[in-house]
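Asker: So you can see what is in the structure, the chains are spelled out below.
Number of protein chains: 2
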Amino acid sequence: MGTVSGLYERAASRWSELQGAICAAIEAADGEARFSTDRWSRPGGGGGVSRVLEGGRVFEKAGVNWSDVDGELPEDFAAQLPGWGRRFRATGVSLVLHPRSPMVPTTHANFRFLEKGDAAWFGGGADLTPYYLWREDAEHFHRTLAAACDAHTPVGDYPRFKRWCDEYFFIKHRAETRGVGGIFYDYVGHAPGHERATTADLEAAFAMAGACGDAFVPAYVPIVEQRRDEAYGDDERRWQLLRRGRYVEFNLVYDRGTTFGLKTGGRIESILMSLPPLVRWDHDVSPPGPREAALVEVLRTPVDWLGR
Amino acid sequence: MGTVSGLYERAASRWSELQGAICAAIEAADGEARFSTDRWSRPGGGGGVSRVLEGGRVFEKAGVNWSDVDGELPEDFAAQLPGWGRRFRATGVSLVLHPRSPMVPTTHANFRFLEKGDAAWFGGGADLTPYYLWREDAEHFHRTLAAACDAHTPVGDYPRFKRWCDEYFFIKHRAETRGVGGIFYDYVGHAPGHERATTADLEAAFAMAGACGDAFVPAYVPIVEQRRDEAYGDDERRWQLLRRGRYVEFNLVYDRGTTFGLKTGGRIESILMSLPPLVRWDHDVSPPGPREAALVEVLRTPVDWLGR
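Protein sequences, first through last, are from chains A and B. Numbering follows the working numbering, with no gaps: position 150 of the first sequence is 160. Numbering follows the working numbering, with no gaps: position 234 of the second sequence is 244.
If you are wondering where the hints come from, they were derived from the structure by calculation, not from laboratory data. Predicted, not measured: the structure shown is a model, and the values here were computed from it. Just so you know, not all the hints are guaranteed correct.
Given that identical chains are not distinguished, each listed pair holds provided it fits within a single copy or across any two copies.
[Stated by the list, open to error] Below, a list of computed lysine to aspartate or glutamate pairs in the EDC-like style, where the Cα atoms sit at most 20 angstroms apart: (1) Lys182 / Glu246; (2) Lys273 / Glu82; (3) Lys273 / Glu177; (4) Lys273 / Asp80; (5) Lys273 / Glu85; (6) Lys182 / Glu27; (7) Lys273 / Asp294; (8) Lys273 / Asp176; (9) Lys182 / Asp265; (10) Lys182 / Asp167; (11) Lys182 / Asp294; (12) Lys182 / Glu279; (13) Lys182 / Glu307; (14) Lys273 / Glu19.
Please construct the entire structure, taking both the sequences and the accompanying hints into account.
Answerer: Dropping the structure here:
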């Protein structure tokens, strides 16, 4: 492994710095709570740093994980990925932020680099899950991430990554997307048909992935600042808790990282950090009013927020 | 299909009567709330009656479903079951009861009859999920179900059904059982190696399954009556909500009926009626005191409640 000399180590450092920058920006937006830091190592190889904030003024629960792990993939999972053999190493940053106010959207992002056998690639993305919809917020989120992709064409391909995001974050049994999307990409830098990626491919992918990572804070934090003081009551809170149930359903039933991690002995507390702090399931819920119905409408029929 | 003349129809009636009897007993134990009734039909064939109670004095959410459905199973699922072909019909009653008080255990039960090709069998069981443990409650629940099995030996085999329950309701990623067990059985009445079950096998299985169904109310309701007035505070409620998270994790990640139903277009609201009304996920929770630790201990090391 190590197709491009030092790239793995540079990616690991880049994601670690990104973790620090994101945590600092979230603490500033919260204005009160601080992240705790938990360093862990994995029996199979490697380790990571989990940073968690609970009970903040703005954020009810926020987790930002960095990891650098290596080992052997289970046979059936290894067969689904590029590269020979079962040995892999992976480094990435992943986060889920659950605000307290239903007026502030939940968000998830992940930026990672994998090596397996003689293959290597970047994967990741960022997506937004509002409980109440402001179209301009969805547009801002998409516009900011699109700009990062556009600065790195052709490897950065916003229209493709946007569609991929809508397809991936789809709750089949509800016939709804998890949220209003964002970007999702995988196998970037890997040359299909050529097991060995070129240095130029991987460097271009790294530049694009790094730019997307840097775009996360400017894509999300202005929305928090705009919405954190919006008034809401028990009815809006109840709607948020019910919608959080959909988040749990997606993560436990469909999300590849979560289901793979649970079944193969990953670090449970880090994997399940994505689950919301408080969740409701009532029987047979319909959107109680027009604002809630407007949200569900865009989840049933994904919107091309930037018209491209 | 229809290996034993009229058995399917008799089972369907039996489960429908059981639904009524259980709902009446639960309403009596609640003392306040009433079940609503929702009759539905399924595009693929058949239908059912969902009965739901929400916001009761004792029960925060309770669902008791009866169904009688037929259709074609997906190829890969059909291949895992006895009997030729993909055509099936199934009738059963299934329930999950979520009490409001953390001192009263959650319970689940299911009693069903399936026909597929020339095979037919009974499956089902009942299990108990306390938040605080009274050993005499677990013993009473097991003793009552064991008596129903014992009256129908050899087809009723409590020691085997008890172990099967502990094995089935195991949350692998937590290395814990979902609760203190009960009984679980499947393929009862089906003669392995003989695709065609005999009339005597199936009649014996039906008698056993019916007796277990009838044992559910006397196994569970006395525990409700014993514990519903126990005092508790916010800390005990919080522990209950956290443990309910485990219930969600089991149902969405491992439960065969739930994951199968979600992925193959079952009736979502009926399938997910099992999910608790309000749930918490905090980061890295340890049992806060000795009573909570005592519960987790028996979930990590299943107890032979009746010493047999």
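Asker: Each hint needs a verdict: does it hold in this structure or not?
Answerer: Each hint tested on the structure:
no.	hint	in the structure
1	Lys182 / Glu246	neither (25 angstroms within a copy, 36 angstroms between copies)
2	Lys273 / Glu82	within (14 angstroms within a copy, 29 angstroms between copies)
3	Lys273 / Glu177	between (23 angstroms within a copy, 16 angstroms between copies)
4	Lys273 / Asp80	within (17 angstroms within a copy, 32 angstroms between copies)
5	Lys273 / Glu85	within (13 angstroms within a copy, 24 angstroms between copies)
6	Lys182 / Glu27	neither (36 angstroms within a copy, 34 angstroms between copies)
7	Lys273 / Asp294	between (30 angstroms within a copy, 19 angstroms between copies)
8	Lys273 / Asp176	between (25 angstroms within a copy, 18 angstroms between copies)
9	Lys182 / Asp265	both (12 angstroms within a copy, 18 angstroms between copies)
10	Lys182 / Asp167	neither (25 angstroms within a copy, 39 angstroms between copies)
11	Lys182 / Asp294	within (17 angstroms within a copy, 30 angstroms between copies)
12	Lys182 / Glu279	between (26 angstroms within a copy, 14 angstroms between copies)
13	Lys182 / Glu307	within (15 angstroms within a copy, 37 angstroms between copies)
14	Lys273 / Glu19	neither (28 angstroms within a copy, 40 angstroms between copies)
The structure fails to meet hints 1, 6, 10 and 14 from the earlier list, while all remaining hints are met.
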